[in-house]
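Colleague: Given next are the chains, with one letter for each unit.
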Amino acid sequence: MTPGTPVSSKVVLVPPVLAFLPDYAGLTDPVAELRAVALEAVGWLGADVTVLGDDQAQRVAAHLLASTTRTGSEPSYLVMGNGSARRTDASPGPYDERAVPFDDELGRALRDGDSEALAAVDAELARELWATTGPISEFARLSSISRAEVDYDDAPFGVQYWVVRWLCGS
Amino acid sequence: MTLRLGRHEFADDETLMMAIVNRTPDSFYDRGATYAEDAAFERVEKVVADGAEIVDIGGVRAGYGPAVSAEEEIGRVASFVGRVRAAYPGLVISVDTWRSEVARAVCGEGADVLNDAWGGHDPALMDVAAEFDAAVICTHTGGLKPRTDPYRIEYDDVVRSAIDATLALAERALAAGVARESIVIDPAHDFAKNTFHSLEVTRRLGEMVATGWPVLVSLSNKDFVGETLDLPAKERLTGTLAATAVCALAGARIYRVHEVVETRQTVDMVSSIAGRRPPQRAIRGLQ
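Sequences listed follow chains C and X, in order. For the first sequence, the residue numbers in the working numbering are 252 to 421. For the second sequence, the residue numbers in the working numbering are 782 to 1068.
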């Protein structure tokens, strides 16, 4: 991605949840609701999608993309990120009192399409709080968000997930 | 191959719980607790609620005891099968009998499976199964007559004997017209076997599974468990479940049991360890 992304580009944020992968499918899907929302959002993207995320997130994204049928030629981006995994005693990471306020602020910026705030997320704090925000900041630094729609905002396993759709300009 | 038990079909990876329902006054484990028809029906209600796919209804104790005529056996089981059939259309009904006249009566009432626990003693039973399109369980009983305990029986190779005998019965069933997908083999633990034999059959159950025929195991609280652990009938559950786990790892398909819930959990756990069954719901470390 380069600066100057056309106004009509579509962007979706989903969490890189490993439970999305068929390798880890149980008889009952623990992320059924999140999966349904994520797939609907990913299906909204155009045919060609650029994924932002590490190798593990790329695998999750590839599965979501392969599970949808998409048309359209709009530039499309799938950003793989989530909030803290240290929110409660039931979270995967040990409880940290800074987690919920961190997520609250990050959630606000996602909802408001506040590119400036998203670009400036404290990467060191995010790392300490087991939050995956690098791809979010990477995208925000390169694009301005003109419209934001939050499809999912919950932390069912003590990890803060969002599914967000953005329309972006340069 | 899809397993078909009467009107019910099951995929290759499905394991099935066959719950024992005795309409007998003297069976070794329940001691007549479900001899009365209403008590037996309550047992059916319970095991269905516990998740059993099959009930195995028996009217004659396997061990020694007062003689039970065919007429008496029919009186104990046939109309009861009809009652269970009417109440539970989706339940597989098996009847544990060696007699073709009993088989005919229960098939007429809607039985799906004939559990020929005395290994082809009455050859006409296969003809009844074919006539009613019922499934049959082919068991290894070492040539013993019904209701006979083993006495100084030895084998060159007990597993080979079990395979040869059950496959011969399976071929006989096929020749009689029983559908290939409706034939099950059972090494018959404790039947014509001392404890060492039953342990060896358990240890080598994979050889029976390798024949390609679906394998039923009837381990529940039996004497080989009791002798191995020196425990009376009511204290054999842990040993039964250990044997169940070994058979599940080997790939047994049907488990004839007293305790449905405990056996189901054991078989599911082992099936998942073996990679044949996904976990029910996995999120740990995958959030």
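Since the hints were derived computationally from the structure, they do not count as laboratory data. It is possible that part of the hints are untrue.
[Unchecked claim] Ranges of calculated distance between the beta carbons of each label pair, as one might list FRET restraints:
hint, chain 1, residue 1, chain 2, residue 2, range
1, C, 339, X, 1055, 31 to 37 angstroms
2, X, 1042, C, 404, 38 to 44 angstroms
3, X, 1019, C, 309, 17 to 23 angstroms
4, X, 1059, C, 348, 32 to 38 angstroms
5, X, 1054, C, 349, 38 to 44 angstroms
All C-beta atoms in this analysis are idealised placements derived from N, C-alpha and C, irrespective of residue type, glycine included.
Colleague: State for each hint whether it applies.
Modeller: Hints, verified against the model:
1. Under the hint 31 to 37 angstroms, the C-beta atoms of residue 339(C) and residue 1055(X), about 35 angstroms apart, fit the expected range.
2. Take residue 1042(X) and residue 404(C): their Cβ atoms lie about 39 angstroms apart, and the range 38 to 44 angstroms holds.
3. At about 47 angstroms, the beta-carbon gap between residue 1019(X) and residue 309(C) misses the expected band of 17 to 23 angstroms.
4. At about 37 angstroms, the beta-carbon gap between residue 1059(X) and residue 348(C) stays in the expected band of 32 to 38 angstroms.
5. About 40 angstroms separates the C-beta atoms of residue 1054(X) and residue 349(C), a value consistent with the hinted range of 38 to 44 angstroms.
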